[in-house]
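Using the sequences plus the hints, can you model the full thing?
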Amino acid sequence: MIKQKNTSKRSDKKLKVSEKDLNDYYWAYFMIAPTIIGLIILNIWPLIQTIYLSFNRTGDFGINQWIGLDNYKQMLADPIVWQATLNTLKYTAISVPIGVILSLGIAVLLNSKIKGKTIYRTIYFLPMVSAPAAIAMVWRWLYSSDFGLINYLLSFVGVKGPNWLTNPKLALLSIVVVGIWSYLGYNMIILLAGLQEIPKSFYEAATIDGAGPIRQFFSITFPLISPTMFFVVITSMITGLQVFDLIFMMISKSNAVMESTQSLVYLFYNYSFVMNDKGYGSTIIVLLLAIILLITVIQLKLQKKWVHYE
Amino acid sequence: MKGKIKSSNLIVHIILIIGAFAMLLPFIWMIITSLKNLTESTTIPITIMPKDFKWSNYIDVWNQLPFAKFYINTMLMMFFRVIGSVFFSAMAAYAFARIDFPGKKFFFMIILIQMMIPGQIFIIPQYIMVSKLGLLNTVTALVIPGMVSAFGTFLLRQFFIGIPKELEEAAILDGCNRWQVFWKVMLPLTRSGLVALGIFTSVFAYKDLMWPLIVNMSLDKMPLAAGMASLQGQYSTNFPQLMAGSMIAIWPMLIIFIIFQKQFVEGVASTGSKS
Numbered sequence: 002m003i004k005q006k007n008t009s010k011r012s013d014k015k016l017k018v019s020e021k022d023l024n025d026y027y028w029a030y031f032m033i034a035p036t037i038i039g040l041i042i043l044n045i046w047p048l049i050q051t052i053y054l055s056f057n058r059t060g061d062f063g064i065n066q067w068i069g070l071d072n073y074k075q076m077l078a079d080p081i082v083w084q085a086t087l088n089t090l091k092y093t094a095i096s097v098p099i100g101v102i103l104s105l106g107i108a109v110l111l112n113s114k115i116k117g118k119t120i121y122r123t124i125y126f127l128p129m130v131s132a133p134a135a136i137a138m139v140w141r142w143l144y145s146s147d148f149g150l151i152n153y154l155l156s157f158v159g160v161k162g163p164n165w166l167t168n169p170k171l172a173l174l175s176i177v178v179v180g181i182w183s184y185l186g187y188n189m190i191i192l193l194a195g196l197q198e199i200p201k202s203f204y205e206a207a208t209i210d211g212a213g214p215i216r217q218f219f220s221i222t223f224p225l226i227s228p229t230m231f232f233v234v235i236t237s238m239i240t241g242l243q244v245f246d247l248i249f250m251m252i253s254k255s256n257a258v259m260e261s262t263q264s265l266v267y268l269f270y271n272y273s274f275v276m277n278d279k280g281y282g283s284t285i286i287v288l289l290l291a292i293i294l295l296i297t298v299i300q301l302k303l304q305k306k307w308v309h310y311e
Numbered sequence: 186m187k188g189k190i191k192s193s194n195l196i197v198h199i200i201l202i203i204g205a206f207a208m209l210l211p212f213i214w215m216i217i218t219s220l221k222n223l224t225e226s227t228t229i230p231i232t233i234m235p236k237d238f239k240w241s242n243y244i245d246v247w248n249q250l251p252f253a254k255f256y257i258n259t260m261l262m263m264f265f266r267v268i269g270s271v272f273f274s275a276m277a278a279y280a281f282a283r284i285d286f287p288g289k290k291f292f293f294m295i296i297l298i299q300m301m302i303p304g305q306i307f308i309i310p311q312y313i314m315v316s317k318l319g320l321l322n323t324v325t326a327l328v329i330p331g332m333v334s335a336f337g338t339f340l341l342r343q344f345f346i347g348i349p350k351e352l353e354e355a356a357i358l359d360g361c362n363r364w365q366v367f368w369k370v371m372l373p374l375t376r377s378g379l380v381a382l383g384i385f386t387s388v389f390a391y392k393d394l395m396w397p398l399i400v401n402m403s404l405d406k407m408p409l410a411a412g413m414a415s416l417q418g419q420y421s422t423n424f425p426q427l428m429a430g431s432m433i434a435i436w437p438m439l440i441i442f443i444i445f446q447k448q449f450v451e452g453v454a455s456t457g458s459k460s
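Residue numbers (the working numbering), protein chains in the order written: chain A, 2 to 311; chain B, 186 to 460.
Just so you know, the hints here were simulated from the structure itself, not pulled from any lab data.
Note that the structure is a prediction, hence the values are computed from the model and not measured.
Note that CB positions come from ideal geometry on N, CA and C, so glycine has one too.
Heads up, some of the hints might be wrong.
Simulated crosslink set (DSS-like; lysine-lysine; CA at most 25 Å straight-line) [as the list claims (entries may be wrong)]:
#: 1; chain 1: A; residue 1: 116; chain 2: B; residue 2: 447
#: 2; chain 1: A; residue 1: 201; chain 2: A; residue 2: 114
#: 3; chain 1: A; residue 1: 74; chain 2: A; residue 2: 91
#: 4; chain 1: B; residue 1: 350; chain 2: B; residue 2: 369
#: 5; chain 1: B; residue 1: 350; chain 2: B; residue 2: 392
#: 6; chain 1: B; residue 1: 350; chain 2: B; residue 2: 290
#: 7; chain 1: B; residue 1: 289; chain 2: A; residue 2: 21
#: 8; chain 1: B; residue 1: 447; chain 2: A; residue 2: 114
#: 9; chain 1: B; residue 1: 350; chain 2: B; residue 2: 289
#: 10; chain 1: A; residue 1: 305; chain 2: A; residue 2: 170
#: 11; chain 1: B; residue 1: 392; chain 2: A; residue 2: 254
#: 12; chain 1: A; residue 1: 118; chain 2: B; residue 2: 447
#: 13; chain 1: A; residue 1: 91; chain 2: A; residue 2: 306
#: 14; chain 1: B; residue 1: 392; chain 2: A; residue 2: 91
#: 15; chain 1: B; residue 1: 369; chain 2: B; residue 2: 289
#: 16; chain 1: B; residue 1: 254; chain 2: B; residue 2: 392
#: 17; chain 1: A; residue 1: 21; chain 2: B; residue 2: 350
#: 18; chain 1: A; residue 1: 91; chain 2: A; residue 2: 302
#: 19; chain 1: A; residue 1: 21; chain 2: B; residue 2: 290
#: 20; chain 1: A; residue 1: 201; chain 2: A; residue 2: 118
#: 21; chain 1: B; residue 1: 369; chain 2: A; residue 2: 21
#: 22; chain 1: A; residue 1: 201; chain 2: A; residue 2: 116
#: 23; chain 1: B; residue 1: 290; chain 2: A; residue 2: 302
#: 24; chain 1: B; residue 1: 254; chain 2: A; residue 2: 201
#: 25; chain 1: A; residue 1: 170; chain 2: A; residue 2: 91
Beyond 10 Å from chain A on every Cβ pair, some chain B residues (computed) [stated by the list, open to error]:
#: 26; residue: 254
#: 27; residue: 320
#: 28; residue: 323
Dropping the structure here:
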């Protein structure tokens with residue numbers, strides 16, 4: 002093997018970039034090339050295109066016509082879009098806090114000295130590796146007002162089960178339950194990993210000082226897990242705002258509750274690929290992008306208030 | 186004192202078991218329903234256990250929809266996406282983690298930007314692109330969007346940063362060029378990161394619904410997720426068969442998960458730490 006000399010054959014030490022460095026640069030560009038080129042072609046350029054599309058009306062043959070801000074004006078006046086935005090925000094506002102708190106609770110329990118952690122972990126994570134389509138189908142069956150297990154069990158306590166998926170007030174909540182159920186294990190594992198990084202000695206010292214478990218939780222556990230919590234909350238919110246699969250699979254198109262349930266992404270899908278108005282669809286998804294960015298920025302600002310960093 | 190510990194452990198177990206039951210109930214109900222015949226499933230009051238085990242539901246559903254094709258399409262999609270994203274992301278991650286090259290910050294910005302943006306933004310133009318390339322209704326179309334991964338690059342970069350520089354420097358002194366350092370030294374050391382990314386990519390590919398729905402119109406090109414959607418259209422009332430179909434769709438992934446659950450869990454846990 003040839004030993005690399007750290008000098009170049011040209012005017013040597015005065016040159017800022019040595020041959021070795023140049024070699025490094027070539028390798029670096031080579032190694033980032035597939036990913037960067039791929040991302041530019043598949044993501045950055047499409048991002049620009051989508052924004053461009055939102056200023057167009059897509060005609061019958063896919064021909065785009067520039068219409069400036071008309072799509073946006075139409076969207077801001079569109080009650081369906083407002084309702085979908087509300088649905089999406091509602092879904093997120095309910096599923097994220099409940100989901101994260103439940104996940105944290107289970108993680109705390111699993112962090113204690115008990116046996117069978119692996120089995121519990123596996124069971125709680127099962128929903129995450131199951132195709133949403135299949136999950137949606139079985140939950141649809143569980144929620145069935147006449148033949149569903151849920152209403153059957155409720156009948157044992159004398160409650161007549163409601164129409165979970167056809168009652169406009171309940172449909173979205175029913176889907177929220179499935180959403181929480183799906184992601185519980187995933188969030189729990191991330192939180193559990195964060196909990197396991199907290200040194201046991203902290204708790205031991207606190208016990209010696211006479212602090213009970215609840216006090217310990219709020220003084221030790223919560224501050225130290227807050228960065229991980231923050232991560233989980235943000236990722237859950239972003240995922241929640243994009244809800245589509247469950248709604249698509251659980252609420253049929255003809256179901257009257259669609260209007261009180263459909264999310265922005267569902268609208269996006271409908272306009273872009275079913276009704277073929279890609280212009281308007283693009284406008285809707287740009288709206289979602291704005292909402293996500295806004296909420297993320299707000300969260301980042303808020304984190305100073307409650308997230309404890311070393 | 187011992188008695189106190191025992192009872193608190195018991196409470197913990199009780200709560201966890203209740204939760205575990207809630208997690209498992211849909212799966213159990215799926216299995217039970219899939220073995221009933223149609224009238225059994227729609228009689229009131231509901232019966233819990235099927236009288237006879239109607240395995241024929243599975244055969245019927247298998248024959249009605251091209252499940253074999255669904256499996257193959259899903260596996261191809263997962264395989265190529267994993268190979269592409271893991272390999273390309275590892276390369277890029279190494280460069281970002283260890284080499285100081287001009288424009289590094291700018292290029293890394295591209296990665297960060299992509300991670301913050303919801304995937305649906307890219308879908309319409311991606312669809313148009315695939316359509317213009319004449320690749321609609323192919324497995325290739327399923328693979329393309331997953332071939333490169335900003336998230337994967339970001340994740341693996343964290344792993345590479347954690348490797349001691351001395352190992353690299355030793356290799357460089359031995360005369361290795363950057364590629365050899367990457368290939369022979371760094372990659373083997375980040376095996377758990379590579380596995381984690383591979384798992385993420387496969388699960389995400391397996392669950393992806395919207396993209397296959399829009400690029401693949403014919404049944405025999407669909408992967409499992411999209412195929413299931415069409416199952417629902419055809420069988421909206423025969424629930425036992427719908428459940429059988431769902432079982433066929435999910436059990437491979439469940440088995441894989443149960444076998445590799447250590448890697449799955451470690452992979453997921455690593456994404457949350459210090460991002």
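Violated constraints from the hint list, given by number and in increasing order: 5, 10, 24
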